[in-house]
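*Asks:* Which chain is which? The protein sequence lines are S and R, in order.
Terminal number for the first sequence in the working numbering: 113, no gaps in between.
Terminal number for the second sequence in the working numbering: 115, no gaps in between.
Be aware that one or more of the hints could be misleading.
Straight-line Cα separation of at most 20 Å, EDC-like style, residue types lysine to aspartate or glutamate; simulated pairs [what the hints assert, rightly or not]:
1. S/Lys-3 <-> R/Glu-69
2. S/Lys-3 <-> R/Asp-59
3. R/Lys-3 <-> S/Glu-44
4. R/Lys-53 <-> R/Glu-69
It should be emphasised that the hints constitute simulated quantities derived from the structure, not laboratory data.
Computed from a predicted model, the values in this text were never measured in an experiment.
Below, each chain spelled out in residue letters.
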Amino acid sequence: AQKITQTQPGMFVQEKEAVTLDCTYDTSDPSYGLFWYKQPSSGEMIFLIYQGSYDQQNATEGRYSLNFQKARKSANLVISASQLGDSAMYFCAMRGTGNQFYFGTGTSLTVIP
Amino acid sequence: DVKVTQSSRYLVKRTGEKVFLECVQDMDHENMFWYRQDPGLGLRLIYFSYDVKMKEKGDIPEGYSVSREKKERFSLILESASTNQTSMYLCASSSPGSGINNEQFFGPGTRLTVL
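Put together the whole structure using the sequences plus the hints.
*Replies:* What follows is the structure in structure tokens.
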């Protein structure tokens, strides 16, 4: 069965500090993709970063990086130099070789000035 | 600018009403999805469609049906709305499964309240 687990319902970080949002996954697919999405209070889901299961290097996109540890089945999102606009819900998701995506329950991040 | 649009941002309906939520994408994607989002539960898949007139049940299809008559349009139907269907509904689209790096694109969401 495919499953995504996010164990941090809420997180706080000081502005300009780095923060790590945890994500673990379970899949039997040999090939899969891992995604992180941001959902501000406006409600829209914004794609942040992608990591493929065969990618040798951790993905990075600006201030976002994905700490991918395949053996541990974890795909943590690291946000560096947090900004007030980073306050939002963050969802980890996985896609296997089928058409479906599987989402975690999300982490609410609050950046403190 | 690629887009997924949903017919309403906010909707208030009465118990027992038939409710239609429309979703349109302009990316020529084969796959389209309807999710329901509730606090603490994340996104739960209601239905998805991988081609015109094709549909598959997700995790929580009870009380819902869908229609996909055209590639760009995917409709979610609440046959007889109930108060426990009050929620945020998100539509998404993506390219087929062979491209595992193809992310889902989401619409802005519809906040449905059933009184």
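*Asks:* Confirm or reject each hint.
*Replies:* Evaluated hints:
1. Pair hint S/Lys-3 plus R/Glu-69 does not hold up; C-alpha atoms about 31 Å apart against a cutoff of 20 Å.
2. The suggested pairing of S/Lys-3 with R/Asp-59 holds, with an alpha-carbon distance near 12 Å, which does not exceed 20 Å.
3. Between the alpha carbons of R/Lys-3 and S/Glu-44 the distance comes to roughly 12 Å, so the proposed pair stays at or under 20 Å and holds.
4. With a C-alpha separation of about 6 Å, the suggested pair R/Lys-53 and R/Glu-69 falls inside the 20 Å cut-off, and the hint holds.
Violated hint: 1 only; the structure is consistent with all others.
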